[in-house]
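Student: The primary structure of each chain is shown beneath.
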Amino acid sequence: MEERTTEVVFKKETVGKLLSLFFKDEKTKVSGDAVILMAEMLKIFVEEAARRSQKQAAAEDCDVVDIEHFEKILPQLLLDF
Amino acid sequence: MDEDFSLHQRLKAALHFTVGRLCEDIGGDGGKRFNKEVLAAIAETTYRQCGLFHSHLRHAKRTTVNSEDVKLVARRSTALYNHITRRSEELASTNQEQKERRKKNTGKRKSEDEETSVKRNKM
Numbered sequence: 001m002e003e004r005t006t007e008v009v010f011k012k013e014t015v016g017k018l019l020s021l022f023f024k025d026e027k028t029k030v031s032g033d034a035v036i037l038m039a040e041m042l043k044i045f046v047e048e049a050a051r052r053s054q055k056q057a058a059a060e061d062c063d064v065v066d067i068e069h070f071e072k073i074l075p076q077l078l079l080d081f
Numbered sequence: 001m002d003e004d005f006s007l008h009q010r011l012k013a014a015l016h017f018t019v020g021r022l023c024e025d026i027g028g029d030g031g032k033r034f035n036k037e038v039l040a041a042i043a044e045t046t047y048r049q050c051g052l053f054h055s056h057l058r059h060a061k062r063t064t065v066n067s068e069d070v071k072l073v074a075r076r077s078t079a080l081y082n083h084i085t086r087r088s089e090e091l092a093s094t095n096q097e098q099k100e101r102r103k104k105n106t107g108k109r110k111s112e113d114e115e116t117s118v119k120r121n122k123m
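From first to last, the protein sequence lines are chains A and B. Residue numbering for the first sequence follows the UniProt record's numbering, beginning at 1 and increasing consecutively. Residue numbering for the second sequence follows the UniProt record's numbering, beginning at 1 and increasing consecutively.
Take these hints with a grain of salt, some might be off.
To be verified - Here are the simulated SDA-like pairs of lysine to any residue, each with C-alpha atoms no more than 20 Å apart in a straight line:
| no. | chain 1 | residue 1 | chain 2 | residue 2 |
| --- | --- | --- | --- | --- |
| 1 | B | K12 | A | A59 |
| 2 | A | K43 | B | K99 |
| 3 | A | K17 | B | L7 |
| 4 | A | K17 | B | E97 |
| 5 | A | K29 | B | A92 |
| 6 | A | K24 | B | K99 |
| 7 | B | K103 | B | H83 |
| 8 | A | K11 | B | K99 |
| 9 | B | K36 | A | K29 |
| 10 | B | K71 | B | L52 |
| 11 | B | K99 | A | G32 |
| 12 | A | K43 | B | E115 |
| 13 | A | K27 | A | K43 |
What the hints assert, rightly or not - What follows is a set of in silico ranges between Cβ atoms, one per label pair, in the way DEER data are often shown:
| no. | chain 1 | residue 1 | chain 2 | residue 2 | range |
| --- | --- | --- | --- | --- | --- |
| 14 | A | V64 | B | L72 | 48 to 56 Å |
| 15 | B | T106 | A | D80 | 27 to 35 Å |
| 16 | B | T63 | A | E68 | 54 to 62 Å |
| 17 | A | K17 | B | E97 | 22 to 30 Å |
| 18 | B | T78 | A | D63 | 19 to 27 Å |
No lab work stands behind these hints, which were simulated from the structure alone. Predicted, not measured: the structure shown is a model, and the values here were computed from it. By construction, the Cβ of each residue, glycine as well, lies at the ideal position given by its N, Cα and C atoms.
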């Protein structure tokens, strides 16, 4: 299997646009560093969601991770973030 | 109104794409792949989480949100907070290095220009 040589990240542009969209009615801007940190937070969030769901699937002896596994770990995930 | 809607949709799609790639890697790592439904659910949840982060960041009372504000969002989890703080420090030191490099380069150029003009005058 091919190994990815570059790290998967949320593009700075995407995160920046997302945040500005949420901030649309306020005159708030987000600094460049803050966008990078936010992208990091989102990446960690996704990784946690994915790995916890995977563990849940493993605990239930399933080969594929499906929505039920995700739903079970979701409450704690939201509390932890 | 419609413009906002399609921008949201495009950003959601971009998010979904990256979520897909991240989960593909993790799927390979842990030996269990994710089905389409789960990917969509994770992407949607991440989108909402963005909204939640935004609501935390709003309390920044300044017009520009900076790294300190983002660190506060991470404070619920100690491990996460430490990680984000470290990352923030890395960024700050990289910025500082870049600034110093730029200063050096402008300094060099100035002294080179002076040298050239001195040489010319001598000739």
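Student: Below or equal to 20 Å on CA atoms is what counts here, so check A:K43 against B:K99.
Tutor: violated (28 Å)
Student: Could you check the hint for me, namely that B:T106 and A:D80 are 27 to 35 Å apart, CB to CB?
Tutor: Violated - the Cβ-Cβ distance for B:T106 and A:D80, about 47 Å, lies outside 27 to 35 Å.
Student: Straight-line Cα separation of B:K36 and A:K29 no greater than 20 Å?
Tutor: Violated - the C-alpha atoms of A:K29 and B:K36 are around 35 Å apart, more than 20 Å.
Student: Between A:K17 and B:E97, does the CA-CA distance stay at or below 20 Å?
Tutor: This hinted pair is violated, its Cα atoms lying about 27 Å apart.
Student: Between B:K99 and A:G32, does the CA-CA distance stay at or below 20 Å?
Tutor: holds (15 Å)
Student: For the hint 54 to 62 Å, verify it against the beta carbon of B:T63 and that of A:E68.
Tutor: violated (44 Å)
Student: Does A:K17 pair with B:L7 here, judged by a C-alpha cut-off of 20 Å?
Tutor: holds (9 Å)
Student: Within 48 to 56 Å or not, the Cβ separation of A:V64 and B:L72?
Tutor: violated (38 Å)
Student: Just to be careful, I want the Cα atoms of B:K12 and A:A59 compared with a cutoff of 20 Å; is the pair within it?
Tutor: violated (31 Å)
Student: Would the hint linking A:K11 and B:K99 be met if the CA-CA limit is 20 Å?
Tutor: violated (24 Å)
Student: Taking the Cβ atom of B:T78 and the Cβ atom of A:D63, is their distance within the range 19 to 27 Å?
Tutor: violated (34 Å)
Student: Hint check: A:K43 vs B:E115, CA-CA at most 20 Å. Holds or violated?
Tutor: violated (51 Å)
Of the numbered hints stated above, those contradicted by the structure are hints 1, 2, 4, 6, 7, 8, 9, 12, 13, 14, 15, 16, 18, listed in ascending order.
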